[in-house]
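Visitor: Sequence:
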Amino acid sequence: MTAAALVAHDAALAVLRRSDASMAEVMAALTTLDRSDAPGRTHTFGIASNITLDLLGTYVRRYAYVAGVRVELLNGSYDDVLGDVQRFVAAGVDTVLIAPFFDNLQPAWESQLPALDATARHAPVADYLARLELALIHAQGVGTVLLAGSHPWHSQTAALADGVVAAAVHDFNAALHAMAHRHANVRYLDTQSLLMQVGAAQALDARFYHRSKAPYRAAFLNAWARQIDAATRSFGSVFYKVLVLDCDNTLWGGIVGEEGALGVALDPYNYPGNVYWAVQQMVRTLEQHGTLLCLCSKNNPQDVQDVLDTNPHMVLRDAHIVARQVNWDDKPSNLRRLAQALNVGLESMVFVDDSAFEISAVREQLPQVRTFQVPARLTDYPAVIQEISALLMAGGVSAESRAKTLQYRVVAQAQAEQAQFASHEDYLRSLQLRVRLYRNAREQVTRIVELVNKSNQFNMTTQRLQAGEVQRLMDSPTATVYSFAVHDRLADHGITGVLITDDAPDAPDAVQVHSFLMSCRVLGRGVEFSVWNAVRNDARSRGKRMLHAAYLPTAKNAQALDFFDRLGFTRTDDGGGDGSRHYQAEVDTVHFADSNWVELNDG
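Residue numbers (the working numbering): 45 to 647.
Be a bit skeptical, because a hint or two may be false.
As the list claims (entries may be wrong) - Pairs of lysine to aspartate or glutamate, EDC-like flavour, derived with a Cα cap of 20 angstroms:
#1 K588 <-> D622
#2 K342 <-> D362
#3 K257 <-> D98
#4 K600 <-> D622
#5 K257 <-> D124
#6 K285 <-> D373
#7 K600 <-> E391
#8 K342 <-> D311
#9 K342 <-> D373
Claimed, not checked - Here are the simulated distance ranges between beta carbons:
#10 E302 <-> R486: 32 to 40 angstroms
#11 Q476 <-> R407: 40 to 48 angstroms
#12 R421 <-> P312: 13 to 21 angstroms
If you're looking for bench data, these hints aren't it; they were derived computationally from the structure.
Think of the CB as a built atom: it goes at the ideal place given N, C-alpha and C, for glycine as much as any other residue.
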């Protein structure tokens, strides 16, 4: 890219990042970026709806470009959800949005409802839901399907006629939500809450709805695209898992060094303490769903500890905080220390502070960290936390992700105990490690996808997959998706590893290791060596003679560089100078590294 093109490219991105950019500015910036030859990943996105949503694609592309992704849009036919999905699957799309508009299930459906009996009300809804179920079955191989809920078109009408319309919309959304829950690759999007946030007057346009079945104004479509961006983790670009909070005027109101532990504003019955108290309730919910909470504050450590220990209105306590940096050092340095202590990347962190100075310093020195400033209008603060929640819980939450704080505390306990043993192997034997190995466990798809997309450091090939792709591999007669759970005397660590094999495309007698990755919480205990005899035996049972594997380098997986060497594979080449390494092992003769202190059980 020429210098002039680079300037134009960066200027266009700056426009897309501006919250006040007009539609004309957004479209002009998109045109510039479409012509750019800047490198970036391409993501295909299909939209199926019974209304006109062409302009939504414009805003989807806006947030994709901000994330460094080029989106290719496929717009479906009008009100043909099954046909659209079939075409999208044939085209190999990455993400599908299905957006049913309740009032258009039939012409002016909401206006008809009050005069109809129960049977007549049910028939069109049942017909759409039946077609939708078939579409979702066809879409099982799609990486991600976003299923949008609906909302009343006429909010006043919905409240009248004994609540018939409101009840019908509620039942319709409940059916959509249940349908999404039955399919591992489907996420439900709540558009009714989104409409309330934007406001009906700013969101809906009767003129274009009646003329061309295009009911939404730009403000709503922009907000909807942001919701889609969060639900897809910026189209597969990010995976946030750590929330780092400042303390004074962020976790509570006031400065603890001046007000004292009992004097800071946290009273749930009075402003402004009730805002901070409500924010802490929301943050605690995030922690319960697997977010790691950290403190990063310029303060005296004991002052912060006193608030945690003694203030009766504190919602968050020691047990909720996994790590902290409370001192007088600069915030970027402290964030680096927190990332190192948790063994996570800076790009997985979200940082909240009330100070524009601190936010600016982090943005300049650590652009990987996502930052949010406490708003000047404090009553908007809970809405900011809602936006953060959408980022941290994008993609859903698996059972293993809950109580993550406890799991990290267990790791710290294990590290402290290790010093008491004469050798590392003695310590490992004392842990009474047990691994349960599963094959193609469809009930674990959510957790498998979570691990595949967030594991960076011990990840041999770093191939990101969505739920539909994992299900497709599970259904393939040539592939096996292994997952394994780790348990020791300290804790049940849950599903912490994934290993995927598939038949080698260029060697009919070989099985290729597609992916092997583990959570860093259980590394170094021999678990990573314990599952390979089972993999070898499965290959032998299918008449295979060879195992093929590869290490593909990234900026973060250097610690996995020599894993296959240590495991017992034979290196065949070094990838032609790109840093990759390729390996093979004979099924009948290979001797894998010993980890006989780990008990392996078949799940």
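Visitor: If you draw a straight line from the CA of K342 to the CA of D373, is it 20 angstroms or shorter?
Guide: holds (7 angstroms)
Visitor: Hint check: K600 vs D622, CA-CA at most 20 angstroms. Holds or violated?
Guide: Holds, at about 15 angstroms.
Visitor: Compare the distance between the alpha carbons of K600 and E391 with 20 angstroms, and conclude whether the hinted pair is satisfied.
Guide: Cα-Cα ~11 angstroms, so holds.
Visitor: Starting from the hint 13 to 21 angstroms, judge whether the C-beta atoms of R421 and P312 obey it.
Guide: holds (20 angstroms)
Visitor: Holds or violated: K342 with D362, Cα cutoff 20 angstroms?
Guide: holds (18 angstroms)
Visitor: Quick one: are Q476 and R407 within 40 to 48 angstroms, going by C-beta?
Guide: At roughly 46 angstroms between Cβ atoms, R407 and Q476 fall inside 40 to 48 angstroms, so the hint holds.
Visitor: Would you mind confirming whether the straight-line C-alpha gap from K257 to D98 stays at or under 20 angstroms?
Guide: Holds. K257 to D98 sits at ~11 angstroms (cutoff 20 angstroms).
Visitor: 32 to 40 angstroms was suggested as the range; check whether the CB atoms of E302 and R486 agree with it.
Guide: violated (56 angstroms)
Visitor: Does the structure keep K342 and D311 at a Cα separation of 20 angstroms or less?
Guide: This hinted pair is violated, its Cα atoms lying about 23 angstroms apart.
Visitor: Is it true that the CA of K588 sits at most 20 angstroms from the CA of D622?
Guide: violated (29 angstroms)
Visitor: Take a quick look at whether K285 and D373 sit within 20 angstroms of each other, Cα to Cα.
Guide: With Cα atoms ~24 angstroms apart, K285 and D373 exceed 20 angstroms; violated.
Visitor: Is the Cα-Cα distance between K257 and D124 20 angstroms or less?
Guide: Holds: K257 and D124 sit about 15 angstroms apart, inside 20 angstroms.
Of the numbered hints stated above, those contradicted by the structure are hints 1, 6, 8 and 10, listed in ascending order.
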